[in-house]
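J.: Residues per chain are reported as follows:
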Amino acid sequence: MALLLSTVSRTNLIKQVYPLLLLGALVFCGAAASEEPAPITLSPDCPASFLRSENNQCLLRNLYQLYDSLGDHGIGGLKTALPAHRDGFSPQQIDLGRLLFFDPLLSADQSVSCASCHNPSQGFSDGLGRSLGIHGQLGTRSAPSLWNSAFIKEFFWDARAQSLEEQALSPLFSPQEMGNSPSQLLSNLQAVEAYPKLFKQAFPDTENLNLDQIATALAAFQSSLISLNSRYDQYAHGYAEALNPQEIEGLNIFRSFVARCSQCHMPPLFTNQQIAVIGTPEPEGMPRDIGAEKTFDSPLLKGGFKVPSLRNIAETAPYMHSGRFETLREVAQFYSDGRGHAVPQGEDLLLHWHISEPDLSSHELDRLVDFMRTLSDSSLLPSIPQSVPSGLKTMSEKNHEKS
Amino acid sequence: MKKAKTLGFIIALAAFIGGWQLGTNLNDTPQITSSVGGASYGGGGQADRINTALPERTAAGQTIKVNPGDSIQAAVEIAQPGDTIQVMPGVYSETVYIDKDDIHLVGVIEAGERATLDGLGKLNDAILYSGNNILIANFKITRYKGNGIMSQAGNNFEIRNNIIIDTGIYGIFPQLGVNGVIEHNIVSGIADAAIYVGMSDNIHVAHNEVFDSVAGIEIENSRHAIVENNYTHNNSGGILAFITPGLPIKTTYDVIIRNNFILDNNIPNFAAPGSTVAGIPSGTGILVMAADDVIIEGNIIVNHKVAGILINDHGNAPGLTLDPDVDPNADRVMILDNVMHNNGYDTIDEVRAFALTELHTGDIDIFQIGPSEESCIINRHRYNHVGLGDFAECGFTNTHSTHSYLLAGGAKPRVIDPEERGEIAYMGICAGCHAYDDVLIGPSIRDIQAMYAGNVAGIVSYINAPFKVRAEYPEMPAQNYLDAETQLAVADYLLNIPLEQSQP
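These protein sequences, in sequence, are chains X and L. According to my numbering, the first sequence is numbered sequentially starting from 1. According to my numbering, the second sequence is numbered sequentially starting from 1001.
Just so you know, these hints were derived from the structure itself, not from any lab. Where a beta carbon is used, it is the ideal one built from N, C-alpha and C, also for glycine. One thing to keep in mind: the hints can contain errors.
Example chain X residues on the side facing chain L (calculated, C-beta under 7 Å, incomplete) [unchecked claim]:
(1) Ile40
(2) Asn55
(3) Asn56
(4) His73
(5) Gly76
(6) Gly77
(7) Arg255
(8) Phe257
(9) Val258
(10) Ile290
(11) Gln345
(12) Leu349
(13) Leu350
(14) Trp353
(15) Leu380
Listed next, the in silico BS3-like pairs over lysine-lysine satisfying Cα-Cα at most 25 Å (straight line) [unchecked claim]:
(16) X:Lys294 - X:Lys153
(17) L:Lys1250 - X:Lys294
(18) X:Lys393 - X:Lys197
(19) L:Lys1412 - L:Lys1250
(20) X:Lys153 - L:Lys1145
(21) X:Lys153 - X:Lys302
(22) X:Lys302 - L:Lys1250
(23) L:Lys1122 - L:Lys1145
Covered, in the sense of this in silico footprint (three residues per stretch, anywhere, with C-beta under 8 Å from a C-beta of chain X), are these stretches of chain L [to be verified]:
(24) 1105-1114
(25) 1338-1350
(26) 1361-1367
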């Protein structure tokens, strides 16, 4: 089996430096492929922005650690600390997670990988309103971006998972998504010559390859996806020139009490991590998704979904839980059009109190979009494996062939 | 609603039985406690007088004068921490935002004429800030659609002596800040709360006049607040302390409401549908909902249709969302001596019905519904009350030993030593393109160390204005957005980077 793990150490594509590389599939050609097959060794180095501790843990460092937040809640204004985060995984666990993430071996028919719906070149989402599972099954919800998931406390749109590990296993075994079973997944991984060795490197103290290790490795990789160096961040750290006048005007509309965006999309993560019922319409023909009503067994939360972070939001169209809106402008227009305007008559939704009647001007809506675009940063994009241990074609290779 | 009513009925039954037992077991002489002297509440806070939330200026600073026709924002943009901006009398129509620390924005009043911010019914907010150590004083603010003065974060603030008329949603709205004073403001004609303290800690609201608004003064999801010596009249509700479910900060506690004049808060509730204050019954003096450790002392509470003091849990409030992380009950409510008169004379059906379960008819000064543990009152004989069967006698009579919840010297910024600062900046930014030995996007740190040989100033200069050094590398983006302290720290760090931390 030809194993060609990337030996290029963590090439991080800086937007300003290689803007072209951020365009679609070209990203995957960014790292120069090694001539020689690589030794089957996981990287001993932590990803950029992570410091390796003496006991081989990767510890996140970012500029927001210079600040405090009220009650350590990680919400506030510009110079406010982030919420508590997950880190402390080993470099090998993160690297194993990276290989698993891109390996279609994880799905029942070996057709889709995590990266199929969480594509690094599309903001770790998929560009679809509703994601596709195996056999082309159309799901009911939009794939959320994975950027900054280290800071997130509850997972899935309906907040039904409480940890990255719990989240990571769920799509693998969902019949609508990757359709696998625990036993098949484990036997498939064991059947690939490299995987038991790689797992042994990532989990040296454990005998057998098991599900917990898969969850840990995927969680480790997800927690390494950090996007905190946007132009907005430069402004927040005190550099007023980082944003142009239109963008600053947008920031002021965003945090004004007319638009009230920042009341839920609170800096610095641009989410307050709460459930909100906002009453967006579903795509044509799709019945109302009850969302968090099911998780919390309460009709008060019917149609409620987690407030998503807006970091890298410009990269993850279409928008809302089922992708009803194609553009950020349409999203802004939705909020501006007023409380409950898209809720069918007779449907009982307890709309969030900040869903009001902002009635913003066209000019203001444009400025809001300008501002949201300043939240983009892919400078710490991880390197994409040139090939994966299973030898299956990765999404990047498929994309490359298509292009 | 059905659940709430059932719960209410059970509580009513319990209260009824409790009251009946009390009535049969005690003789008819009420317990009268003198609040002159006596034990003081021991709930913490500062016993010493603290008059300011502002620490000493961080720099000597200059005074920047703004004249009519000039832009206040232009002055903010050139201001440095330590500066004072004086705005001369006249009309200014703009949104002023302060994203820096230690700026004092002060209106100058001449012959009674103020620096006036006029939103013309078009602009969103008058003043918003995110910096620490901000003073905003002496302005007149009118006709904005959003808020008069608002913050998002920002510790150690003072908002003083402003007149705010007809400015949309909130008159004064500090949010997510620690240590602030809101004093001597006159706020009226606000569609939600005239003064709204949201998700904040250590706040002092005093000597304000608030009227013609839905809510006078609101302490929401906040801790350690004192509301004293205010005059709140002709709102729908006078003073509120409560928890809104669904917010990221889940508690309200340690709130002292004392020595306020709370009169005639009976105007129709004109809040926007769905807003939390839309649920305030018009005619409420003080509302305590789900907040804990609230002390009500020394207030004059007169002429309220519904009740002088309304205390309830979330279960008895309509229109609220579910939040499993919130304790829905108002526990440890403490009612000391207040002067109450002519309240509850034309109350709402829900209150009247519950009062009937206690065989109470007529005026209601204090109405309590829902579970409330460890609550207490003194001199209950003074009031017409409903639902206080479980309230014990308080073991203290005053709050004299708690002068303030403000922090002496202000909330302190996080202290970061230079090496940690350098490491944070290096790992957070530089390590995206530079590794110690390997070539990533930029040259290796080993090469840079060899080239600069300890020249920290040289690195600082370069990262501020990079230029192309080697043909084989792309030009580095400028790192001039980092402040001078951080630039110095990161330059020092990367020239002395320990080998074992050299990654990736």
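J.: Confirm or reject each hint.
T.: Each hint, compared with the structure:
no.: 1; hint: Ile40; verdict: violated (20 Å)
no.: 2; hint: Asn55; verdict: violated (12 Å)
no.: 3; hint: Asn56; verdict: violated (11 Å)
no.: 4; hint: His73; verdict: holds (6 Å)
no.: 5; hint: Gly76; verdict: holds (3 Å)
no.: 6; hint: Gly77; verdict: holds (3 Å)
no.: 7; hint: Arg255; verdict: holds (6 Å)
no.: 8; hint: Phe257; verdict: holds (4 Å)
no.: 9; hint: Val258; verdict: holds (4 Å)
no.: 10; hint: Ile290; verdict: violated (13 Å)
no.: 11; hint: Gln345; verdict: violated (16 Å)
no.: 12; hint: Leu349; verdict: violated (11 Å)
no.: 13; hint: Leu350; verdict: holds (6 Å)
no.: 14; hint: Trp353; verdict: holds (5 Å)
no.: 15; hint: Leu380; verdict: holds (5 Å)
no.: 16; hint: X:Lys294 - X:Lys153; verdict: holds (18 Å)
no.: 17; hint: L:Lys1250 - X:Lys294; verdict: holds (22 Å)
no.: 18; hint: X:Lys393 - X:Lys197; verdict: holds (21 Å)
no.: 19; hint: L:Lys1412 - L:Lys1250; verdict: holds (24 Å)
no.: 20; hint: X:Lys153 - L:Lys1145; verdict: violated (35 Å)
no.: 21; hint: X:Lys153 - X:Lys302; verdict: holds (21 Å)
no.: 22; hint: X:Lys302 - L:Lys1250; verdict: holds (21 Å)
no.: 23; hint: L:Lys1122 - L:Lys1145; verdict: holds (7 Å)
no.: 24; hint: 1105-1114; verdict: violated (count 0)
no.: 25; hint: 1338-1350; verdict: violated (count 0)
no.: 26; hint: 1361-1367; verdict: violated (count 0)
Violation of the numbered hints given earlier is confined to hints 1, 2, 3, 10, 11, 12, 20, 24, 25, 26; the remaining hints are satisfied by the structure.
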